[in-house]
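*Asks:* Taken in order, these protein sequences are the chains called A and B. 53 is the number of the first residue of the first sequence in the numbering used here; add one for each residue after it. 53 is the number of the first residue of the second sequence in the numbering used here; add one for each residue after it.
I should point out that these hints are in silico values taken from the structure, not numbers from a laboratory. All C-beta atoms, glycine included, are put in the ideal place defined by N, C-alpha and C. Do not take every clue at face value.
Here are a few chain A residues that face chain B, going by a calculated C-beta distance under 7 Å [said to hold, decoys possible]:
#1 Leu-254
#2 Ile-270
#3 Arg-272
#4 Tyr-311
There are 2 protein chains.
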Amino acid sequence: MKIAIAGAGAMGSRFGYMLSQSGQDVILIDQWKEHVKAVQENGLHINLDGEKRVVELPMYLPSELVDKNLEVDLIILFTKAMQLDSMLQAIQSVIHENTKVLCLLNGIGHEDIVEKYVAKENILLGNTMWTAGMEGPGRIKLFGQGSVDLQNIHPDGQKGAEEVVAVLNEAGLNAMYSENVLYSIYKKACVNGTLNGLCTLLDVNIAGFGNTTHADTIIRTIVNEFISVAAQEGVELEAEVAIAQIQATFDPEGIGLHYPSMYQDLMINHRLTEIDYINGAIVKKGQKYGIATPYCAFLTQLIHCKEEILNVK
Amino acid sequence: MKIAIAGAGAMGSRFGYMLSQSGQDVILIDQWKEHVKAVQENGLHINLDGEKRVVELPMYLPSELVDKNLEVDLIILFTKAMQLDSMLQAIQSVIHENTKVLCLLNGIGHEDIVEKYVAKENILLGNTMWTAGMEGPGRIKLFGQGSVDLQNIHPDGQKGAEEVVAVLNEAGLNAMYSENVLYSIYKKACVNGTLNGLCTLLDVNIAGFGNTTHADTIIRTIVNEFISVAAQEGVELEAEVAIAQIQATFDPEGIGLHYPSMYQDLMINHRLTEIDYINGAIVKKGQKYGIATPYCAFLTQLIHCKEEILNVK
């Protein structure tokens with residue numbers, strides 16, 4: 053199967069590497085010039101649980117695809133949320149009428165963007181628990197185990213989804229076909245929709261926020277906004293289930309002493325955040341369904357204020 | 053007239069000094085031990101537009117009043133909002149059935165507390181534009197001009213209010229009887245209810261917040277919550293009037309480059325904030341009137357989180 057990884061940072065490169073090792077015909081696509089150049093010139097350097105290896109994988113900037121006449125059977129999307137639209141715009145030449153597109157980005161509502169470029173029957177949404185890190189241009193660090201669950205967004209897409217599950221499993225990616233992938237997407241989004249924005253705004257780690265008197269009220273209010281929107285999309289997520297998953301993160305023996313990825317993005321690396329695709333997505337869907345989402349709206353606005361105050365563009 | 057200033061920090065001491073100079077019989081009351089001791093031992097040291105003077109004024113801790121058999125005709129309240137209840141509790145011995153009480157604290161809803169100790173006919177609410185600063189225990193700094201407007205909260209209190217206006221004017225305090233003091237209290241609260249909490253949370257000065265893209269939306273949403281509550285109390289405040297007053301503060305040639313008092317309290321001096329008496333008061337009144345105030349509620353909760361994260365008690 054010809055597979056393009058669109059957005060081949062750490063996670064995308066992991067998937068590309070594992071799929072390639074299992075015999076698939078993989079290309080990597082990314083917008084980070086230094087990274088693409090490094091892989092093109094020196095291969096992809098992988099630190100796999102401490103063991104070093106180098107693999108040759110074709111990698112392109114989106115602009116390099118235009119006159120390549122490449123068409124692929126599967127695209128796996130791993131861009132940052134705000135780069136999804138421009139990536140799809142730029143790689144239209146590799147999409148043919150039967151190309152499946154599997155979206156594994158964090159956040160909610162990405163299908164609205166993917167649908168501009170791909171027929172619904174070919175769109176798959178998924179959620180992954182694999183991890184990976186960048187060590188520099190062309191260099192990734194892989195450790196631990198993970199899984200993927202995915203589902204077609206249109207009934208006619210189920211056969212294609214099951215084929216993709218099989219291909220991912222041949223590569224050892226622990227994929228599962230899900231009858232309700234939106235459930236796990238919304239459940240994960242509840243964690244990101246509370247801890248990410250709030251720890252960033254309050255300049256505190258997960259346990260530090262979780263231990264405040266008002267954390268519980270704030271979390272319940274935000275989770276209820278997520279759940280009300282999810283219900284409109286046929287997802288029945290119970291507040292207590294989502295809240296228990298959030299509370300589990302407060303443990304200082306676990307990830308409690310860590311700062312969420314949004315904190316790292318904005319406060320440490322001075323990069324724009326994905327807030328529009330987490331809380332902001334709930335606001336947008338809330339407007340569509342006539343559901344009030346004031347906490348998500350205010351939090352989204354405050355994070356955007358902080359981006360501007362820190363002069364992040 | 054026998055007058056007690058309850059809460060005699062910088063502003064209270066200014067009022068006490070000016071009233072005393074005009075011939076009134078003034079006592080100062082405060083809970084800050086070092087300050088009371090300094091005034092008792094060395095007098096009140098005043099830096100008045102650069103000119104130094106020292107005046108003798110009787111000053112007491114609330115606990116020193118119990119066996120004094122002092123009764124006063126007027127109490128002017130200038131405590132921090134969170135100390136109002138305990139102050140009134142502690143000074144009950146100086147309140148008799150005709151004692152007027154003028155409340156000049158920032159914020160909203162203080163009358164609910166004062167009513168626990170004083171008949172409505174004797175309660176006056178006011179708003180002042182005077183300023184003053186502390187230079188240390190027993191030492192205050194006075195500069196500039198100001199004014200006071202005040203009103204009785206019960207129709208039977210008007211005569212008493214007019215008497216108090218006359219006494220303040222004899223002392224040069226530029227007092228005016230107001231037909232609608234709640235209007236100016238709510239208008240000022242709109243400024244404090246936006247800039248104070250938001251600049252504190254976002255760690256930014258007034259202009260820095262005002263210049264962000266989302267400042268306008270956030271301010272309008274919060275102001276509308278204040279206005280909706282004010283309308284239930286018979287105060288017709290137009291959004292554009294309140295917003296114009298807030299926008300005027302963004303000017304870097306004016307106070308734009310300053311940080312609001314709440315920022316100073318929490319971020320610099322690590323003191324508890326008055327958020328419960330600004331945005332929190334709107335939430336409380338909103339609950340009473342069945343008006344949704346989610347932005348005020350979330351902002352109040354976030355500031356309390358920040359207090360706890362900074363371990364301020």
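*Asks:* Are the hints correct? Go through all of them and say.
*Replies:* Hints versus structure:
1. Leu-254: Holds. Min distance 6 Å.
2. Ile-270: 5 Å, holds
3. Arg-272: 11 Å, violated
4. Tyr-311: A:Tyr-311 check fails; min Cβ-Cβ to chain B is 13 Å, beyond 7 Å.
In summary, the structure is inconsistent with hints 3 and 4 from the numbered list given earlier, while agreeing with the others.
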